[in-house]
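Chemist: Could you put together the complete structure from these sequences and hints?
Sequence lines, in order, name chains A and B.
When you line the first sequence up against the working numbering, it's residues 17 to 226, in that order.
When you line the second sequence up against the working numbering, it's residues 5 to 89, in that order.
The hints are simulated quantities; they were obtained by calculation from the structure and are not laboratory data.
Watch out, some of these pointers could steer you wrong.
[To be verified] Residues from chain A shown here face chain B by an in silico Cβ test under 10 Å; the list is partial:
(1) Glu32
(2) Gly42
(3) Val58
(4) Ala62
(5) Phe80
(6) Leu81
(7) Val138
(8) Asp177
(9) Glu191
(10) Lys198
(11) Leu202
Quick reminder that beta carbons are idealized off the backbone N, C-alpha and C, glycines included.
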Amino acid sequence: MSAIQPNISEQPVSEELQLVRAAKQGDDKAFEELVRRYDRNVFRIAQHITQNREDAEDVVQDAFLKAYGNLNQFQEQSKFYTWLVRIAVNEALMKLRRRRPERMVSLDEEVKTEDDSVPREVADWSPNPEQMYNQAELRDILTRTIQGLPPGFRTVFVLRDVEGLSTEETAQALELSIPAVKSRLLRARLQLRERLSRYFQKRASGDGNQ
Amino acid sequence: MKCTEFLKELTNYLDGALDDRTKSDLEDHLAWCHNCYVVCDTTRKTIEIYRDSELYPLPEDLRGRLRSAIMTKCTASKKSGPQNA
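Modeler: So this is what it looks like as structure tokens:
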């Protein structure tokens, strides 16, 4: 079984740095290019965290505005994108806390037991879930399933597996240790797998729906 | 290797981050333990299905509106001096 490769191709750092340096010098066109480059990613991350479209739109605006206002504090020791993601995640978590004040929302929240990651569904999946469900149904299943994860797990999974950040970049963006990222990623992956198995596993009856 | 040890290494295995020795131990385990094989295979499929389905696309018209709002606010913030964002 081959290793999974991240889907984001490595941007040449020098080109991105040129844009960042130009933007620091006051070149708004260069900053606009950075917005074009990453707005879709920031929107996706914000939607995954806040689970609310209006909030995600606000997060996109606030994160880029904050990046613009603090560009001189970006020390160029990490990729601009990692720095931007850190700002966006913080903005998104603030929105989430405002919307759900009754629940403390934190990336540090520990989840009760290790049992949540013990595999129970061990049936193989049908060759292709896309053949069992149409696109809208599949999207609905995937959205509902990932929304059921605690924010701390969801965020690690999205940055690492959907956005293709490395473990180190994810740790930097979330201000977590590398072991913490790895542990959350494993549990997030296993929990998603478990929940998706209920939809996708092979059925003797041939009925795809639960 | 026991199933619990296999599970601990699953993420490193799928990410290609294991040394040759551990990888080989793990693959020996996968060769005979059907349950772990299924867990490994379906976890890999879980990652791929999320990676391949864009759940929250940003529509072009909204994208344009957001970018325009961002750049307007950026320009305004420059005129009004440095902000403590």
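Chemist: Against this structure, judge whether each hint is valid.
Modeler: Going down the list of hints, with the structure as the test:
1. Here the hint on A:Glu32 is broken, as its CB sits about 18 Å from the closest CB of chain B, past 10 Å.
2. The closest approach between the C-beta of A:Gly42 and any C-beta of chain B is roughly 8 Å, which is under the 10 Å cut-off, so the hint is satisfied.
3. At its closest, the beta carbon of A:Val58 sits 9 Å from a beta carbon of chain B; the interface hint therefore holds under the 10 Å criterion.
4. With a least beta-carbon distance of about 9 Å to chain B, the hint placing A:Ala62 at the interface is held under the 10 Å criterion.
5. Restraint check, A:Phe80 versus chain B: the minimum CB separation of about 5 Å is within 10 Å; hint holds.
6. Against a cut-off of 10 Å between C-beta atoms, the interface hint on A:Leu81 holds, since the closest Cβ of chain B lies about 5 Å away.
7. Below 10 Å, beta-carbon pairs count as interface contacts, and A:Val138 has one with chain B at about 5 Å; its hint therefore holds.
8. Interface restraint check: A:Asp177 against chain B, minimum CB-CB distance 5 Å, threshold 10 Å, status holds.
9. Look at A:Glu191: its Cβ only gets to about 18 Å from chain B, farther than 10 Å, so that hint breaks.
10. At its closest, the beta carbon of A:Lys198 sits 6 Å from a beta carbon of chain B; the interface hint therefore holds under the 10 Å criterion.
11. For the restraint placing A:Leu202 at the interface with chain B, the shortest Cβ-Cβ distance is roughly 4 Å, inside the 10 Å limit, so the hint holds.
Checked against the numbered hints above, the structure violates hints 1 and 9; every other hint is satisfied.
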